[in-house]
Every structure is written in structure tokens, then in C-alpha cells.
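There are 2 protein chains.
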Amino acid sequence: MTKIDAERLEEGNELLIDFEKLGKVAQCGEALVPVAVQDADTKEVLIVAYANETALKYTLEHGVAAFWSTSRDELWVKGATSGDTLQLVEVRVNCEQNSLLYLIRLLGEGACHTKCADGTSRRSCYYRRIKDGKLEFVE
Amino acid sequence: MTKIDAERLEEGNELLIDFEKLGKVAQCGEALVPVAVQDADTKEVLIVAYANETALKYTLEHGVAAFWSTSRDELWVKGATSGDTLQLVEVRVNCEQNSLLYLIRLLGEGACHTKCADGTSRRSCYYRRIKDGKLEFVE
Chain A
99 MTKIDAERLE EGNELLIDFE KLGKVAQCGE ALVPVAVQDA DTKEVLIVAY
149 ANETALKYTL EHGVAAFWST SRDELWVKGA TSGDTLQLVE VRVNCEQNSL
199 LYLIRLLGEG ACHTKCADGT SRRSCYYRRI KDGKLEFVE
Chain B
99 MTKIDAERLE EGNELLIDFE KLGKVAQCGE ALVPVAVQDA DTKEVLIVAY
149 ANETALKYTL EHGVAAFWST SRDELWVKGA TSGDTLQLVE VRVNCEQNSL
199 LYLIRLLGEG ACHTKCADGT SRRSCYYRRI KDGKLEFVE
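Listed in order, the protein sequences are those of chains A and B. Note that the working numbering gives residue 195 to position 97 of the first sequence, counting from 1, and the numbers run on in steps of one. Note that the working numbering gives residue 128 to position 30 of the second sequence, counting from 1, and the numbers run on in steps of one.
Derived by calculation from the structure, the hints in this document are not laboratory data. Quick caveat: nothing in here was measured; it's all calculated off a predicted structure. Treat the hints with care, as some may be off.
It does not matter which identical chain is meant; a pair holds if it fits inside one copy or across any two.
[As the list claims (entries may be wrong)] Restricting the straight-line Cα-Cα distance to at most 20 angstroms, the calculated cross-link-like pairs of lysine to aspartate or glutamate (EDC-like) are:
id, residue 1, residue 2
1, Lys-122, Glu-151
2, Lys-119, Glu-237
3, Lys-229, Glu-151
4, Lys-213, Glu-194
5, Lys-141, Glu-188
6, Lys-213, Asp-137
7, Lys-229, Asp-216
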């Protein structure tokens, strides 16, 4: 993704939803489930990512949120490079045992890789809502 | 899924995570993104499901949470048969525009298809946490 593409996707108000996402995720060759990540204190939903057995095991053993990076095809320990580590409180499992919910505490600035105007990481990836066919910033 | 299988998966304390889930979801042939669903008032995460363009359009037009059923391969308007409708408050989109967050209000008993001891629908699908390699009920 070029810088211009990222800017348009992440900081714009155009609705450009990539419905091909799960097809691409499946193509990475790993057996994965989606993971919703929620702040244990504020209850904000911060990010949705993917985990395989390796990522879940790492998360439980090390007490920090880990995922499987479907673009880099490798274990992704959130915050390992950015410092925005997510300290694990607990892992919830859904009724049918095919998705996870990580309850966490932010040790860094936020869970999103995008930045607020002041240069800090946004807390949540869900900083825009759909309104009249466009995206509107909510924070 | 037989009744015994469902009982074991949904009401047991064995960790039986189906990591093949996203592979199966991708095979349904629809272009989909994951959707986390959160109670707009209590902030509980209730369910994670999947939406294609049709489901998102239905959700926005009718003001109720709709998904794509990857098992039945059809539009799934939550509550259409159970009565457990989820009234839409807003749809949030993540930074990379490849997942959704529906903020909703419960019009029925809950968002989960499983039942509490008193026979009412559980509010959330995330009623168990992982503890020492097993599942523990949290509500």
C-alpha cells in the first residue's frame, strides 16, 4: 500500500470497505479465528485481528496480546516494535468456539497504528462511523 | 452439528477452538469482513459475525444488525426468527476499512443463540474465559 493509498483509506471520509479481506486472510494458509480486542477498563473495542494456535498460546503464556499477521505471515506480538503493548487481562471464547475476545490494558498510547493530530497512537481503530454513505470521525 | 456436539462445545469447559473457522468462512464464496457487535449502553461485546455488502446495506437501511450467514449462505437478519433483534445505533469502520463494529441496543433478551439456566437467551456469546487450559463460565 502506498502512502497516498493509506492516507485515503485511513484518514479520509470515503467509504472504501475491503470486503475481500477474509478471502485474503484465508489465503495466508494458517488456520485462524478472528479476535476482538476490548479495553478491560473503558470497554472500548480497540481492534479486530486474527489468531492461530501459536498466537493464542503466546498470548496466554506471556500475558500480552499476540496475533497472526496475515500480511507478513508471522507471529505479531502487538507493541513489539511500536511499544504499544496490550497487557492481557483474560481471553474469552464464544459459544461456538470459533472466535476470541481479548480483554486487555493498554501499556502504550493506543492499539491503532494510525496517529492522532498530536502524533500519539489512536487508542482504537474504530475512530470513524458511517453517516450518509460517508465516513465521519468520532474522535 | 448434533445436539451432543453443540452441548459439549457451548456448555462445556473443554477448550475446543475451531481454528478452521476463517477457512470455512472464505469458502462460502461471499466477499466478507468480520463484524464485532457491541452494546451501545453497557459496552459489552456480544457477538462477532460476518458481513458482505448486502448485509451492511440492509443494516444501514433498516436500522437493525444484519450479517451474512456463512453456514446457510444467506442474509441473516439477527432476531428475524428468535425475536432477539439488535437495533442499530451506528456502524464504525476500522483504520484499514476491513472490519466493522456495530453499536447496537438489544430489543430482545440477548445476542447469543444459547440459553441461560432460566431459559432466556444469553446476552453475549463471550460467557466463558480460558483458565488453566480449560473454559470457565463468567456469567
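Homo-oligomer pair classification [Glu-194, Lys-213; C-alpha up to 20 angstroms]: Classified as between; 13 angstroms across copies, 36 angstroms inside a copy.
Copy assignment of Lys-119 with Glu-237, given that the CA separation must stay at most 20 angstroms: Neither way: Lys-119 and Glu-237 sit 25 angstroms apart in one copy and 33 angstroms across, limit 20 angstroms.
Status of Glu-188 relative to Lys-141 across identical chains (alpha carbons, at most 20 angstroms): both (13 angstroms within a copy, 17 angstroms between copies)
Up to 20 angstroms CA-CA - Glu-151 versus Lys-122, copy category: For Lys-122 and Glu-151, the Cα distance is within 20 angstroms both inside one copy (19 angstroms) and across copies (17 angstroms).
Up to 20 angstroms CA-CA - Asp-216 versus Lys-229, copy category: Classified as neither: same-chain Cα gap 25 angstroms, cross-chain 39 angstroms, threshold 20 angstroms.
Alpha-carbon proximity between Lys-229 and Glu-151, which holds within one copy, between copies, both or neither at 20 angstroms: Result: close only across copies, 16 angstroms inter versus 37 angstroms intra.
Copy assignment of Lys-213 with Asp-137, given that the CA separation must stay at most 20 angstroms: Close inside one copy (18 angstroms), not across copies (26 angstroms); limit 20 angstroms.
Of the numbered hints given earlier, the model fails hints 2, 7; all others are met.
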